[in-house]
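Throw the hints in and build the complete structure from the sequences for me.
Taken in sequence, the protein lines are chains U and F.
In case it helps, numbering that gives the first Met the number 0 puts the first sequence at residues 0 to 227.
In case it helps, numbering that gives the first Met the number 0 puts the second sequence at residues 0 to 227.
Honestly, the hints are just simulated from the structure, not real lab data.
Keep in mind that a hint or two might mislead.
As the list claims (entries may be wrong) - Output of the computed footprint for chain U on chain F, the stretches with three or more beta carbons under 8 Å from beta carbons of chain U:
(1) 54-64
(2) 116-126
(3) 141-154
(4) 198-209
No residue lacks a Cβ here, since even glycine has one placed at the ideal position from N, Cα and C.
There are 2 protein chains.
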Amino acid sequence: MTTLTDVTDSATAKGEQTRELILSTALRLFREQGYGKTTMRAIAAEAGVSVGNAYYYYSSKEHLMQAYYDHLQMQHREAAVGILAEEKSFTKRLSGVLESWLEVSEPYHEFAGTFFKTAAEPKSPLSPFSEQSKPAREASVAVFRDVVEGSDLKLPADLKAELPELLWLMQMGFVLFWVHDDSKDLKRTRALIVRSVPLVDRLLRLTRIPGVRGVVNDLVALIRSIRP
Amino acid sequence: MTTLTDVTDSATAKGEQTRELILSTALRLFREQGYGKTTMRAIAAEAGVSVGNAYYYYSSKEHLMQAYYDHLQMQHREAAVGILAEEKSFTKRLSGVLESWLEVSEPYHEFAGTFFKTAAEPKSPLSPFSEQSKPAREASVAVFRDVVEGSDLKLPADLKAELPELLWLMQMGFVLFWVHDDSKDLKRTRALIVRSVPLVDRLLRLTRIPGVRGVVNDLVALIRSIRP
DNA sequence: CTGGTCTCTTGAACACGTTCAAAAGCCGGA
DNA sequence: TCCGGCTTTTGAACGTGTTCAAGAGACCAG
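Here it is in structure tokens:
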């Protein structure tokens with residue numbers, strides 16, 4: 000039965016099945032017992048393969064997390080486009096994207112701490128600033144570009160060009176906050192997002208004031224200059 | 000000889016000597032070979048004690064790093080007070096403190112990545128936001144309070160009260176940047192600091208403009224509200 | 001001097017992530 | 001059918017951080 004379902008995939012299907020079995024087993028165990036308490040031996044046993052075989056497909060425990068991370072980001076992007084199709088107001092677009100991220104990520108909040116830990120290391124491929132995560136990063140920035148471009152926001156061109164990346168950076172800050180947030184139902188992170196969005200909006204409107212404009216220009220120039 | 004040097008300490012001196020021998024050995028090896036490649040067995044062997052004995056004094060490898068971190072922070076604070084005694088201008092005080100931090104930390108830049116990694120985990124005692132590092136954090140904020148209070152800066156009282164903590168947060172951002180900075184001689188981090196300080200200064204002066212003031216008030220209120 | 005109770009010290013043992021040489025399947029061509 | 005070269009699979013073995021039961025010293029009371 001299954002061998003006939005998809006002719007195009009069947010060439011690689013054999014190994015791929017095991018690959019995905021291992022991944023899904025790993026993610027389930029991560030969710031159930033946390034990352035630290037889930038051993039590679041347990042993943043292998045639960046998936047019905049040998050330890051070495053798990054390493055044949057995923058060269059480290061971290062790579063299993065990487066795979067999860069990609070999966071999550073894709074989910075978020077899908078949720079985001081749904082929202083962006085409906086809203087025109089900048090604030091609503093922005094908060095929609097941020098809140099949908101929170102929603103998608105919520106089931107993994109506890110586990111995210113460990114993920115964050117390995118992502119923090121500069122050399123780690125999971126670092127949001129690393130070369131390896133460049134595609135994922137640019138995809139995220141693209142979402143924020145969409146937030147800006149598709150909105151009613153009026154801004155000078157150079158600031159508008161820089162804004163998506165700044166918003167992405169802001170979101171990184173929110174992620175940092177979220178990871179450390181142990182309040183009930185993530186109340187504090189929710190409050191942060193709800194209150195930050197209108198503030199950003201007001202802040203951006205302020206750039207029309209001449210005195211403010213100069214400082215903002217310098218800020219943009221600074222950010223440009225320190226990029227690698 | 001040594002047994003007579005310090006009567007007050009001699010009660011605890013016996014264990015303390017071993018404790019410090021282990022710490023200094025560990026830090027040396029961390030510097031020489033990096034954190035990851037330094038094994039507890041190597042530390043113990045080099046210090047001439049057993050592995051279990053090292054664990055008697057430091058309950059984990061992380062704790063050895065914690066100790067290093069405290070040491071470094073103290074060094075920085077000492078360097079900072081020296082600068083703050085001489086300068087009155089806000090910008091010079093601020094950049095003096097930031098640059099002295101850079102100077103003190105520079106020898107440990109590579110090793111800092113690993114440190115940062117474990118510090119990023121929310122539950123880790125090394126996290127800058129954790130309960131355990133509260134004393135160290137408050138001591139750091141106090142330095143920035145000194146930067147503000149002892150300067151010629153004129154600001155509304157409520158913003159001035161919040162400013163030290165904001166500056167501390169900014170420094171956390173700089174640390175994050177620094178850890179990821181692999182440019183020659185840390186050029187990019189230096190540029191960031193040099194260019195950020197006058198910008199902060201100008202930003203603070205902007206708060207006199209009525210329209211800006213309102214937004215800043217809201218920002219301060221937001222920060223207050225999301226604190227745990 | 002003896003016994004008891006601390007603090008300090010030891011190294012074998014454990015659990016885990018990871019590696020690797022060898023075996024097992026698989027497949028296309030002689 | 002058998003061979004040769006691949007992909008896949010195996011599990012024992014290694015190195016590491018960490019634990020722990022047992023011992024060694026120090027010190028004091030009797």
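The hints, checked one at a time:
Only when three residues or more bring their CB closer than 8 Å to a CB of chain U does the claim for the stretch 54-64 of chain F stand; here the count is 0, and the claim is violated. As drawn, the stretch 116-126 of chain F meets chain U at 9 residues by the rule of a beta-carbon pair under 8 Å; at three or more, the given contact holds. With 0 residues bearing a CB less than 8 Å from a CB of chain U, the stretch 141-154 of chain F misses the requirement of three and the coverage assertion fails. Here the stretch 198-209 of chain F counts 5 residues with a CB under 8 Å from a CB of chain U, which clears the bar of 3, and the coverage holds.
Taken one by one, the earlier hints fail for this structure at numbers 1 and 3, listed in ascending order.
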